[in-house]
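Asker: The listed protein sequences derive, respectively, from chains H and A.
The working numbering applies: residue -15 is where the first sequence begins, and numbers increase by one.
The working numbering applies: residue -15 is where the second sequence begins, and numbers increase by one.
It cannot be assumed that every hint is accurate.
Heads up, the list lumps identical chains together, so a pair's fine if it works in one copy or across two of them.
[Said to hold, decoys possible] DSS-like, lysine-lysine: derived pairs with alpha carbons at most 30 Å apart: (1) Lys306 - Lys525; (2) Lys484 - Lys263; (3) Lys(-11) - Lys50; (4) Lys261 - Lys530; (5) Lys50 - Lys261; (6) Lys505 - Lys536; (7) Lys466 - Lys484; (8) Lys257 - Lys5.
Worth flagging that the hints you see were computed from the coordinates, not collected in a lab.
Number of protein chains: 2
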Amino acid sequence: MIATKLIPRTASAQEQPLLVKTILAQSLNYEPQREIVYRDLFRMNYVEFNQRVRRLANLLTSSGVKPGDTVAVFDWDSHRYLECFFAIPCLGAILHTINVRLSPAQILYCMNHAEDKVVVIHEDFLPLLDAIKSQLTTVETFILVSDKVYQNQEVVIPDGFVGEYESLLNTASDQYDFPDFDENTWATTFYTTGTTGNPKGVYFSHRQLFMHTMGLVTYICGYEAVAFHSTHDVYMPITPLFHVHAWGFPLLATMLSARQVYPGRYEPEMLLKLLLKEKVTLSHCVPTILTMLVNSPVARQVDLSRWKVIIGGSALTKGLAKAALELGIQIYAGYGLSETAPILSLTYLNDTERALPIDEQVEFRTRAGRIAPFIDIQLQDDDGQPVPHDGHSLGELTARGFWLTQGYYKETERGEELWRNGWLHTGDVAAITPDNWVIIADRTKDVIKSGGEWVSSLAIENCLSQIEGVAESAVVGFPDEKWGERPHALVVLKPEYAGKVTAETIKTALQGQISSGDINKWYVPDRIVLVGEIPKTSVGKIDKKKIRAEMKALIFS
Amino acid sequence: MIATKLIPRTASAQEQPLLVKTILAQSLNYEPQREIVYRDLFRMNYVEFNQRVRRLANLLTSSGVKPGDTVAVFDWDSHRYLECFFAIPCLGAILHTINVRLSPAQILYCMNHAEDKVVVIHEDFLPLLDAIKSQLTTVETFILVSDKVYQNQEVVIPDGFVGEYESLLNTASDQYDFPDFDENTWATTFYTTGTTGNPKGVYFSHRQLFMHTMGLVTYICGYEAVAFHSTHDVYMPITPLFHVHAWGFPLLATMLSARQVYPGRYEPEMLLKLLLKEKVTLSHCVPTILTMLVNSPVARQVDLSRWKVIIGGSALTKGLAKAALELGIQIYAGYGLSETAPILSLTYLNDTERALPIDEQVEFRTRAGRIAPFIDIQLQDDDGQPVPHDGHSLGELTARGFWLTQGYYKETERGEELWRNGWLHTGDVAAITPDNWVIIADRTKDVIKSGGEWVSSLAIENCLSQIEGVAESAVVGFPDEKWGERPHALVVLKPEYAGKVTAETIKTALQGQISSGDINKWYVPDRIVLVGEIPKTSVGKIDKKKIRAEMKALIFS
């Protein structure tokens, strides 16, 4: 950084830090009467919400939480979780959002690694807790969360718990003066799992959460990337709050005192009921949830035309986008990682694209979005050199910005690997168009390097999926003496095509797609093998590591 | 500030500073084809604008400007000024916006005090420059700005000038890699004049300008305080760019790549022509300009219904607000100081107020607005103790926030006075409603303290103005043995009421307003004096200092 002249400061002048409490304060300023709703069980306005956040801060303080301590939360998407989003960081402590989908062993690892001191836990997760409780090394206290209190049912408090959330909140004071402190104070932490090694802890400061909210408000409200207006919109997350702060939207919605709806555990009937009854207009979710809703017979009988949905987590297919658009649902896509807090890109149709017919918009809406405000993206090759953003050259997507994790907790080497040459390495291979559209091609570990060129296995799989008779496919790179690597494909046929379609006819069909410009000549796999099924991981993703090993066995057998 | 746990940082991790260049970069990301227009003389899109900003950075660098140096600009509102807004701070130098309405002696003082090194100056101001040039102690170079180049007229370059802006820009490279540096780097400076002493230099850092832009985008686009949308809006300032960065709107408009129109020197025909031809939808100005436009015969013949105007600088009267609303113009009000960069408050009608008929909205739209996002306001009494925000108690308006000047340049004592007890003291007396409306009552030096209560001279003057026959009035405080101070009034009658209305009838009429709740009993002046005219300052403001002295002479004579 070059030397410049800094502003002089008068001794008494107050310098305001970027803190989460400032976002919370905004929620009371203009529309405090708007509501936060939890299922069909509970509703409150922002005045009550602010009081409850302070009650919770008092409850946590009296439970032993001090600035710098970590508090773990196990809950479905609820108003209580939103209260934790604010009360814990605002008192100077660290919110650890537990991914309840991890294995008990992984959760145990994360909790001991993060040094959780107090745990707020929904009763649905008590069996999970029982399995690991004796091995927790740092936890001192538990607070029980239960929906039964809203239904006047009796709640049983287990041993070692200070009590039940609602009752404890009722007895706590609603006065708490959240202090000022350094904006680089640690606010949140959570763990991300890879294919190898232990989960890695990422973490974000108050300044980072504040600036992520500023990025969202600039993009979504300023540019109208996703038309989200405080006055008209009602927000309901359908990506869990434990998943990268539900993409930061709860902070944005709270800052704008927008109406918010929390659906608890995701159950299709409850989601659809809330969607209609509370007139939800903005959500975000993974493609699976949208598929489920789009395919629901009820969806065709109701008006979903003011529902805007941002899709993330995995790629939005054209088929799903079209089906949703036909129901009147407005579809957007977002892209980011746990490490990036998460927003790196989000759909934004510019003046020209917005004027296109829906059918032509699908092409844009299924991309991973445009680079978000204040984010710098650089595609890099294997040597860390920049790759042109010309819409077709592939490179690893690396990023800079205000809200990227500054490392992995207690994992200096993995943090250095993430940040090598001063850019955060996403591990995703992409092309970027000159007008900033992001097109994700592959994971770096799956991309194929043939003759010095990066080849997208996803692009080949997309082509294969359009060939008559092909049900599913997986393309992997395989060592080649001449080219370094060459693509090889596994293909599963639709049952009725068995015997009618062969590896050769598929190859011929693929070659036909070269002339149409969908793929390059060197994208056609050297080997296409028809198989009965494609190896998957435990969470249902194609297991390319296993395929590479099996391919090897196949070829050398 | 309390001690907390800060986020750990990986050595290679990049920490992004809040810099003005990031706002500039945004202008290219999504809608680079949108235009910036200068009168009927020049237009360019954002791609060209970004190139020109870099050309200017090269021109300034080759003219000797280095990081930390100060560059003064004398210009009407132009695209060139906007280029200076970015090029100068982005290269690490300081932009000094010259208030061309100050006296030559004041401008000379400011330029020597700020240590200006290079001066960019429009030819209209050359006579002004000639008067002071020989006494400038730090200036090394001048760059001439002329509109003649857009009309193919010959431009004469005076001695000591490096040349003319456009020609120099044409020969400069459009490549310039704006460096990273500390976000507390000094970006802009300008001078504010009071009733006593030399002009005071206020200054703002990159971080402060960035956060002011975030405050605006949050309020204006997020809350839709003033419905300003990148897609639909066209911005034209009618408050000069040298006046507190034209309230920060040029930075917001550039960040959103909104269409911008710069009117040059303010001439009614040109303003109206641009307003219509360029389809301007958002402006800000002082009441005088709006009065002039509203009273123009042309205004009634054209459609101004999509024009939104934010009024600041002085109070918006109900009469003017109604006249504008009747023409379909949407009226908003803003409040702030040079010291506050400037936004402290801006009109925002909440869900309830927005539903009111226009007539009832006037009451809200003539207030000084609601407290802006991220701004803390505290009303304080003489002892610096908080005064309740109940809508009627008066106190000095003090502020905290991200974008308040941290002092006066080379004036430590005045800076400490500004920031005494850690709050920026505006010198304005106000009431704040529980729902955050700001109602300005007086300047602290004009407020009357009677029996321990603050009395608003403006409120009494407003009441007087509604009494039949009263043309003008001025109320000042005068020492009183029993009450400390008591209000005394000077009143000018409308000519036709001379002899018909007396001080006594006015007093009786005022007392009648007590029952309606407009004023309190102790607001009725002890003495009402009918006069031929009210003493004014050189800029036409009521001279209360002089009145107090004259009152004294009157009473003791």
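Asker: All hints, please: hold or fail.
Answerer: Hints versus structure:
| no. | hint | verdict |
| --- | --- | --- |
| 1 | Lys306 - Lys525 | within (23 Å within a copy, 64 Å between copies) |
| 2 | Lys484 - Lys263 | neither (50 Å within a copy, 64 Å between copies) |
| 3 | Lys(-11) - Lys50 | between (38 Å within a copy, 10 Å between copies) |
| 4 | Lys261 - Lys530 | neither (46 Å within a copy, 65 Å between copies) |
| 5 | Lys50 - Lys261 | neither (40 Å within a copy, 61 Å between copies) |
| 6 | Lys505 - Lys536 | within (24 Å within a copy, 96 Å between copies) |
| 7 | Lys466 - Lys484 | neither (33 Å within a copy, 109 Å between copies) |
| 8 | Lys257 - Lys5 | neither (33 Å within a copy, 46 Å between copies) |
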